[in-house]
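Number of protein chains: 2
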Amino acid sequence: MAEAVATTRRSRITPEREAELYEAVLDLLREVGYDALTMDAVAARTRSSKATLYRQWGGKAELVVKALRHSKPGHGEDIDTGSLRGDLHALVAMEDDCAMERNSALMRGVAMAMHHNDDLRKAFREQMIDPEMGGFHQIIRRAIDRGEVRPDCPAIDFLLHMMVGGFATRALLDDQPPTQAFLTSYIDAVVLPALGAPTS
Amino acid sequence: MAEAVATTRRSRITPEREAELYEAVLDLLREVGYDALTMDAVAARTRSSKATLYRQWGGKAELVVKALRHSKPGHGEDIDTGSLRGDLHALVAMEDDCAMERNSALMRGVAMAMHHNDDLRKAFREQMIDPEMGGFHQIIRRAIDRGEVRPDCPAIDFLLHMMVGGFATRALLDDQPPTQAFLTSYIDAVVLPALGAPTS
Numbered sequence: 016m017a018e019a020v021a022t023t024r025r026s027r028i029t030p031e032r033e034a035e036l037y038e039a040v041l042d043l044l045r046e047v048g049y050d051a052l053t054m055d056a057v058a059a060r061t062r063s064s065k066a067t068l069y070r071q072w073g074g075k076a077e078l079v080v081k082a083l084r085h086s087k088p089g090h091g092e093d094i095d096t097g098s099l100r101g102d103l104h105a106l107v108a109m110e111d112d113c114a115m116e117r118n119s120a121l122m123r124g125v126a127m128a129m130h131h132n133d134d135l136r137k138a139f140r141e142q143m144i145d146p147e148m149g150g151f152h153q154i155i156r157r158a159i160d161r162g163e164v165r166p167d168c169p170a171i172d173f174l175l176h177m178m179v180g181g182f183a184t185r186a187l188l189d190d191q192p193p194t195q196a197f198l199t200s201y202i203d204a205v206v207l208p209a210l211g212a213p214t215s
Numbered sequence: 016m017a018e019a020v021a022t023t024r025r026s027r028i029t030p031e032r033e034a035e036l037y038e039a040v041l042d043l044l045r046e047v048g049y050d051a052l053t054m055d056a057v058a059a060r061t062r063s064s065k066a067t068l069y070r071q072w073g074g075k076a077e078l079v080v081k082a083l084r085h086s087k088p089g090h091g092e093d094i095d096t097g098s099l100r101g102d103l104h105a106l107v108a109m110e111d112d113c114a115m116e117r118n119s120a121l122m123r124g125v126a127m128a129m130h131h132n133d134d135l136r137k138a139f140r141e142q143m144i145d146p147e148m149g150g151f152h153q154i155i156r157r158a159i160d161r162g163e164v165r166p167d168c169p170a171i172d173f174l175l176h177m178m179v180g181g182f183a184t185r186a187l188l189d190d191q192p193p194t195q196a197f198l199t200s201y202i203d204a205v206v207l208p209a210l211g212a213p214t215s
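From first to last, the protein sequence lines stand for chains X and H.
Throughout the first sequence, residue numbering follows our numbering, covering 16 to 215 in sequence.
Throughout the second sequence, residue numbering follows our numbering, covering 16 to 215 in sequence.
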């Protein structure tokens, strides 16, 4: 019932206004981080009322995760190049290096805050990780159907760990933002061989 | 010259006192995080003078990284089981699950703080990542000598990304702390196949 009301009310906001609001939330997130970000600040920055924000999004965690999700170009549902290597490279190519660097910094902050904010972790899982998993599962299923990956290959269960791990450790270990070139080499050197898939 | 003085002065502290001090630093780090941790708080908690702390460690970043390093059982320099799989499994077995969970939380906090603290990043690189790299290089060199890994295998360059990535993404993606069982499966499913090394 509450859900139905929220859905009805949400329809009053235009997509342009929604995009503007998400952009403001991400700006604030970059400026002060998740823990210091307040709904008051979002309301002030976007000239909205707090009541509206709560009614539309339910809370800070949901608003932040929706904003992050909005900034992502997609989860690769539309990618289908005909090979696993092509699909994974295409996934990486969805974001240019500049966007990837900005996203990498944001994601680090949010990943950190998730550890002591249960509602953020829950929202992140539902809105970001589960859809991402869904996209990967489609890509892997097609690779299995084409005979590129054996259906019992144990690395399948770790596909997201491998992909996110490459992205997340680049800054930590090499003091450089993840780039398309880095991730593409990482896919060819690590992900495809682990899956036993063709690397060229 | 300053280095020589610091070394002389450091020798006045007993190993027991040093261990006690590092433990207090890690406790504070768990309680308040890196950014909110102050040398005043460390001095108060350990009944030291701030002057002593600065003289011995130079600053907060160095003190925190030394404390983290002290809490690690080692970098695997002494591991030599006769196979790459054995060596990587032995690395994982150096920390029990309880220690790993505690370390994982600490490392997340520090990894996060590194992104906006240049001195912390530098100290972490010199004291933690470089020695870790050294340990991995020895392990890989022996695997190459034994013919388990081809010297031109492209995954060699990503060994630390793979290992740290598995450790770091477990909590993020699965909402569970990394365990020996998880990391051992991950090594068998991802790291060894990527390196083209025997998985049994």
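Read the hints as simulated data drawn from the structure, not as lab findings.
Do not rely on the hints blindly, as some may be mistaken.
For identical chains, the list gives no copy identity; a pair is met inside one copy or between any two copies.
Said to hold, decoys possible - Dumping the calculated SDA-like pairs for lysine to any residue here, alpha-carbon to alpha-carbon at most 20 Å:
no., residue 1, residue 2
1, Lys-81, Met-148
2, Lys-87, Gly-211
3, Lys-137, Arg-123
4, Lys-87, Arg-32
5, Lys-137, Gly-211
6, Lys-65, Arg-27
7, Lys-81, Thr-96
8, Lys-81, Arg-45
9, Lys-65, Thr-194
10, Lys-137, Arg-84
11, Lys-87, Leu-188
12, Lys-137, Leu-188
Within, between, both or neither: how does the pair Lys-137, Leu-188 come out at a Cα-Cα threshold of 20 Å?
Between. Shortest inter-copy distance 11 Å satisfies the 20 Å Cα cut-off; intra-copy 28 Å does not.
Same-copy or cross-copy closeness of Lys-65 to Arg-27 [CA-CA at most 20 Å]:
within (16 Å within a copy, 58 Å between copies)
Checking Lys-87 and Leu-188: alpha-carbon separation at most 20 Å within a copy, between copies, both or neither?
between (24 Å within a copy, 18 Å between copies)
Homomeric proximity label, Lys-137 with Gly-211: Cα distance no greater than 20 Å:
Neither, since 33 Å and 37 Å both go past 20 Å.
Up to 20 Å between alpha-carbons, please classify Lys-137 paired with Arg-84: within, between, both or neither.
within (14 Å within a copy, 33 Å between copies)
Given identical chains, is Lys-65 near Thr-194, meaning Cα to Cα at most 20 Å, within a copy, between copies, both, or neither?
Intra 38 Å, inter 42 Å, cutoff 20 Å: neither.
Check Lys-137 against Arg-123 for me: Cα-Cα at most 20 Å, and say if that holds within a copy, between copies, both or neither.
Close inside one copy (17 Å) and across copies (19 Å); limit 20 Å.
Using 20 Å as the alpha-carbon threshold, which applies to Lys-87 and Gly-211: within, between, both, or neither?
Neither: 29 Å inside a copy, 34 Å across copies.
At most 20 Å between CA atoms: does that hold for Lys-81 and Met-148 within a copy, between copies, both, or neither?
Only inside one copy: Lys-81 and Met-148 sit 17 Å apart there, 38 Å across copies, limit 20 Å.
20 Å Cα cut-off: does Lys-87 pair with Arg-32 within a copy, between copies, both or neither?
within (18 Å within a copy, 50 Å between copies)
Within a copy, between copies, both or neither: where do Lys-81 and Arg-45 come within 20 Å Cα-Cα?
Result: close within a single copy only, 15 Å intra versus 30 Å inter.
Within a copy, between copies, both or neither: which one fits Lys-81 and Thr-96 at a CA-CA cutoff of 20 Å?
Neither. Shortest intra-copy (28 Å) and inter-copy (49 Å) distances fail the 20 Å Cα cut-off.
Of the hints listed earlier, those the structure fails to meet are numbers 2, 5, 7 and 9, in rising order.
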